[in-house]
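*Asks:* These two chains come separately, so use the hints to put the complex back together.
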Amino acid sequence: MYTDKVMDHFKNPRNMGELPDADGVGTVGNPTCGDLMTMYIKVKDNHIEDIKFKTYGCGAAIATSSMTTELAKGKTLEEAMKITRASVASSLGGLPPVKMHCSNLAADALHSAIKNYEQKQKSSQEVEE
Amino acid sequence: MGHKKPRRICMDYSAGKPVDSRVINEMLPYLNAHYGNPSSLHTLGQEAKQTLEKSREVVAKLINAEKPETIVFTSGATESNNLAIMGTANRNKNRGSKILTSSIEHMSVVNSCKLMTRRGFQVSFLPVNKFGLLDIEQLEAELDDKTTLVSIVYANGEIGTIQPIKEISKIVHTKKAFLHVDATAACGQIPIDVQDENIDLLTISSNDIYGPKGVGALYVKTGTTIQPIIQGGGQERGLRSGTENIPGFAGFAKAAEITKNEMPQESARLTKLRDDLIKGLIDPIPNAYLNGHPTQRLPDNASVRYSFIEGESIMLSLDIMGVYASSGSACAAKTLQPSHVLLALGLRPEEAHGSLMLTLGKDNNQEDVDQLKSIMPDIVRRLRDMSPLTPKELKK
Numbered sequence: 004m005y006t007d008k009v010m011d012h013f014k015n016p017r018n019m020g021e022l023p024d025a026d027g028v029g030t031v032g033n034p035t036c037g038d039l040m041t042m043y044i045k046v047k048d049n050h051i052e053d054i055k056f057k058t059y060g061c062g063a064a065i066a067t068s069s070m071t072t073e074l075a076k077g078k079t080l081e082e083a084m085k086i087t088r089a090s091v092a093s094s095l096g097g098l099p100p101v102k103m104h105c106s107n108l109a110a111d112a113l114h115s116a117i118k119n120y121e122q123k124q125k126s127s128q129e130v131e132e
Numbered sequence: 491m492g493h494k495k496p497r498r499i500c501m502d503y504s505a506g507k508p509v510d511s512r513v514i515n516e517m518l519p520y521l522n523a524h525y526g527n528p529s530s531l532h533t534l535g536q537e538a539k540q541t542l543e544k545s546r547e548v549v550a551k552l553i554n555a556e557k558p559e560t561i562v563f564t565s566g567a568t569e570s571n572n573l574a575i576m577g578t579a580n581r582n583k584n585r586g587s588k589i590l591t592s593s594i595e596h597m598s599v600v601n602s603c604k605l606m607t608r609r610g611f612q613v614s615f616l617p618v619n620k621f622g623l624l625d626i627e628q629l630e631a632e633l634d635d636k637t638t639l640v641s642i643v644y645a646n647g648e649i650g651t652i653q654p655i656k657e658i659s660k661i662v663h664t665k666k667a668f669l670h671v672d673a674t675a676a677c678g679q680i681p682i683d684v685q686d687e688n689i690d691l692l693t694i695s696s697n698d699i700y701g702p703k704g705v706g707a708l709y710v711k712t713g714t715t716i717q718p719i720i721q722g723g724g725q726e727r728g729l730r731s732g733t734e735n736i737p738g739f740a741g742f743a744k745a746a747e748i749t750k751n752e753m754p755q756e757s758a759r760l761t762k763l764r765d766d767l768i769k770g771l772i773d774p775i776p777n778a779y780l781n782g783h784p785t786q787r788l789p790d791n792a793s794v795r796y797s798f799i800e801g802e803s804i805m806l807s808l809d810i811m812g813v814y815a816s817s818g819s820a821c822a823a824k825t826l827q828p829s830h831v832l833l834a835l836g837l838r839p840e841e842a843h844g845s846l847m848l849t850l851g852k853d854n855n856q857e858d859v860d861q862l863k864s865i866m867p868d869i870v871r872r873l874r875d876m877s878p879l880t881p882k883e884l885k886k
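Chains as they are written, first to last, in the numbering used here: chain C, 4 to 132; chain R, 491 to 886.
In short, the hints are calculated from the structure, not lab data.
Errors might be hidden in some of the hints.
[Said to hold, decoys possible] 16 Å max Cα-Cα, derived EDC-like pairs, lysine to aspartate or glutamate:
no. : chain 1 : residue 1 : chain 2 : residue 2
1   : R       : Lys557    : R       : Glu547
2   : C       : Lys55     : R       : Asp875
3   : C       : Lys76     : C       : Glu52
4   : R       : Lys665    : R       : Glu632
5   : R       : Lys588    : R       : Asp635
6   : R       : Lys665    : R       : Asp634
7   : C       : Lys55     : C       : Asp24
8   : R       : Lys557    : R       : Asp683
9   : C       : Lys14     : R       : Asp809
10  : C       : Lys45     : C       : Asp26
11  : R       : Lys852    : R       : Glu752
12  : R       : Lys882    : C       : Glu21
13  : C       : Lys14     : R       : Asp875
14  : R       : Lys557    : R       : Glu543
15  : C       : Lys14     : R       : Asp868
[What the hints assert, rightly or not] Far from chain C by the CB rule (all over 12 Å, computed), these chain R residues:
no. : residue
16  : Arg497
17  : Leu518
18  : Ser530
19  : Glu556
20  : Ser565
21  : Asn580
22  : Leu623
23  : Gly724
24  : Met753
25  : Pro867
[Unchecked claim] Distance windows between CB atoms, simulated:
no. : chain 1 : residue 1 : chain 2 : residue 2 : range
26  : C       : Ala89     : R       : Ala505    : 31 to 37 Å
27  : C       : Pro23     : R       : Thr607    : 51 to 57 Å
28  : R       : Ala505    : C       : Thr87     : 32 to 38 Å
For glycine and all other residues, C-beta sits at the position ideal for the given N, C-alpha and C.
Just chain R, same shape as in the assembly (with noise of 0.2 Å):
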């Protein structure tokens, strides 16, 4: 292994983006100037307000919402997960007691489904194939009268795979159930439509699209039944109390802006680094294997596996070289298991703890790409020759 230095490259940004420099010239203003609470009504206090009406209005545009009333900020797509799930289920408790969602969901929303099944809710996660699709057949059987929610991630951020949402929409509107998209991943990769879509609950996240961290938001569709898990004064139309974070808002507001504008051109570019960088992780090493699906998945991401090493000494491979990437292996985790998102693919603990995930943004360009691709091949064979696992005819 090398001892000099190289230059410090970033994939991981499915983790953390930089905040972009037009969002901090955006926020800097309202972290003192304009300090105002919009609940005051004098003018210090309206023109907050102004801004926070202004703030949603542009952040409603990014997704197409039907009217700025649609949004309700709040801090990141963790608090929009569950105040879509927990608030979207109590609320219509009446109407029934079955959530349905998918077995590779986001932390946040497998444990707020799983705490609703302790309050007497009945949840079923939902098999995906091995790209990473949800099976529909199955949420077809299991969608039915009593089904009151389902909660089905746009993209997930480990394995990339697309959702096609506007069909599972058509299928959960068949009955009386609500739809909620987690789109922190998908939003300001993909174009995102609600009313297209039909999507009656959608999370978007702020420091996904460049944003600062620490703020976010759901679309709640005009006429979705919903009720707070926050109480307080009755901000956000009473869906989300505490005083507004009007630096995080207006922030949040111009990324989407310029997201809006650049997505179409940056989508582009990074599906080509992608798809160099997959081929280049896969091709030239000998049992290699993409996550995910190979067409039908973000254009940042490139999750890959190697059989016979594991995950976190890959990654720790990669930081000596300056290289920040992610694993999907137990060790590189809290919980000790390996990602519930590779083994919903139907992988065995062993294949998932060699996964790799990588995860393109803004200032990754081809130099990036070709330093991976060539330092790969021999992080792979030196942890193989360390390997008890590794076949006799790959150790030349």
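The shape of chain C in the complex, shown without the other chains (with noise of 0.2 Å):
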């Protein structure tokens, strides 16, 4: 059912874990549906230094995950917008058709702890000001 890059990512599963001090944190997916992801990023001169994931749900989603941290790990936040759920998907030799919506998440994770990052900026600066 699944590729041997997809086999191995949920084998040994890569940057799993949570950043206590992370920049910036973006949670996808419900437990209802069976998958639940969580980004953490940490990032230094616009790049993304360091992310970690915790991920409910099944093999596809464990997969995308650590596949997503790989794809994403020292680029930059404008880079790192660019990775999509395809390119995941594709990075993976391919998922299974009935997963490549429903496991498919963790692109969006990841964009949604940018964003949460670019929103923490944004206010500290008002802060600033």
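*Replies:* Next comes the structure, spelled out in structure tokens:
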């Protein structure tokens, strides 16, 4: 059902865990649907310096989370915003069609973490002004 | 997670069973030497006819049917369920248009019933309690003079809960309704007696008793009015046209004979393994629960669920360790809905998603159960470590 690459990320997930001092946090999904993901990012000089994930879900949900962190790490925020569900899936050598929508949410969680970071930046600037 | 390749353990026998070697030997001559068609009047054909009728006799004995002719051979449990529901409802339309069934039926019953609603029948899916036992009061309340068919699963294969069929039968027969029982999972594990339990129609499947796939039967009690759903040359007393699958039926009969002899010992052996397995899957792991009834359950069935994690990822983790299992999670299904059977127990979707279904079979032994008991806590812990839902106190 899954590619070797998906199974590799499922067995040995990269960057799994939390970042207690994260600069941005994004959560997508819903436990009722069987998938919930949280992405934590640490930003330095407009780059994703560190990234971690926590995921509840099926094999595809875990593997796409892991792959997304691998793709995003070290990228500028603009580059990271260009990571899509499709690019995550193709980096994994594809996903079963039924998994493309329900479990392939990790890119959205990443974008949500970046937006959360940008929001925080904006509000701290407003405070300084 | 370990990297050594462990031996393979199948604990997904309800999905498919190996054909018993004695059954294979029984079938082989009918694939080549004795290839006759029972409808032919020559000797080759009449020999096949004899095999057909002998097979019918043996299968009838397994469920204590009153006579061999009550057995209609089919292509499997799905066809038997379709025939029972559509064939009985359509044939008795003049008497009433109400069908009662449960909310934990196999999809072949669910979808046959749904089709009948589109054809003007009224179908009620009766509730079950948290253990999966049919709500008898609801059955009594809904059963009326317009009800022509009640279809109840003997034991659902996903949760293993065994229904009190004799009691249900008594209630159903207070009205003029026929009782159909889907015994696909139950047959071969617990004794079934269609006369004693007063069952009008009963579905059984060959592969579920270690016979070949693609073969099943519908028991149709003498006097039950039913019409075919397949049109053709009128085989099986007109109820199931199509040239008879003689190798398949002979294999089914051999499997029935073996099952009848070996069931008492084998079911006792599996029950012991099952109880040990369930204990090992639940006791050492926090927030782990049994699905289905603790005692009124099929000997082969260990269905459990774990909070905060998802069933497909448990199943995949087991697969990596060489253990084949099944899950009631949406992510393991084609429909993206958690199993309707688990939801019918009153579980919330997120509870149903964490389900793991293990079904034992002939080749399982204590060593297999011990292996499961030793690997499961780590698998659950690893997935909970990954899950954002796990409460902090469980993470140590």
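*Asks:* Hints first: check each against the structure and report whether it holds.
*Replies:* Each hint tested on the structure:
1. R:Lys557 with R:Glu547: holds (8 Å)
2. C:Lys55 with R:Asp875: Satisfied, since the Cα-Cα distance of roughly 13 Å is no more than 16 Å.
3. C:Lys76 with C:Glu52: Judged against 16 Å, a Cα distance of about 6 Å means the pair holds.
4. R:Lys665 with R:Glu632: Roughly 11 Å between the alpha carbons, so the hint for Lys665 of chain R and Glu632 of chain R holds.
5. R:Lys588 with R:Asp635: Holds. Lys588 of chain R to Asp635 of chain R sits at ~9 Å (cutoff 16 Å).
6. R:Lys665 with R:Asp634: holds (7 Å)
7. C:Lys55 with C:Asp24: Distance ~11 Å between Lys55 of chain C and Asp24 of chain C Cα, so the pair holds.
8. R:Lys557 with R:Asp683: Measuring from Cα to Cα gives roughly 13 Å; hence the hint holds.
9. C:Lys14 with R:Asp809: holds (11 Å)
10. C:Lys45 with C:Asp26: holds (5 Å)
11. R:Lys852 with R:Glu752: The given pair, whose Cα atoms are some 11 Å apart, holds under the 16 Å limit.
12. R:Lys882 with C:Glu21: Holds: Lys882 of chain R and Glu21 of chain C sit about 12 Å apart, inside 16 Å.
13. C:Lys14 with R:Asp875: The hint holds at about 13 Å.
14. R:Lys557 with R:Glu543: holds (11 Å)
15. C:Lys14 with R:Asp868: holds (13 Å)
16. Arg497: holds (19 Å)
17. Leu518: holds (34 Å)
18. Ser530: Ser530 of chain R clear of chain C: closest Cβ-Cβ about 46 Å, beyond 12 Å.
19. Glu556: The claim stands: Glu556 of chain R keeps its Cβ more than 12 Å from every Cβ of chain C (closest is about 47 Å).
20. Ser565: holds (27 Å)
21. Asn580: holds (35 Å)
22. Leu623: Fine: 26 Å to the nearest Cβ keeps Leu623 of chain R off the interface.
23. Gly724: holds (42 Å)
24. Met753: holds (35 Å)
25. Pro867: The claim stands: Pro867 of chain R keeps its Cβ more than 12 Å from every Cβ of chain C (closest is about 18 Å).
26. C:Ala89 with R:Ala505: 31 to 37 Å: holds (33 Å)
27. C:Pro23 with R:Thr607: 51 to 57 Å: Taking Cβ atoms as reference, Pro23 of chain C and Thr607 of chain R lie about 55 Å apart, which means the hint holds.
28. R:Ala505 with C:Thr87: 32 to 38 Å: holds (36 Å)
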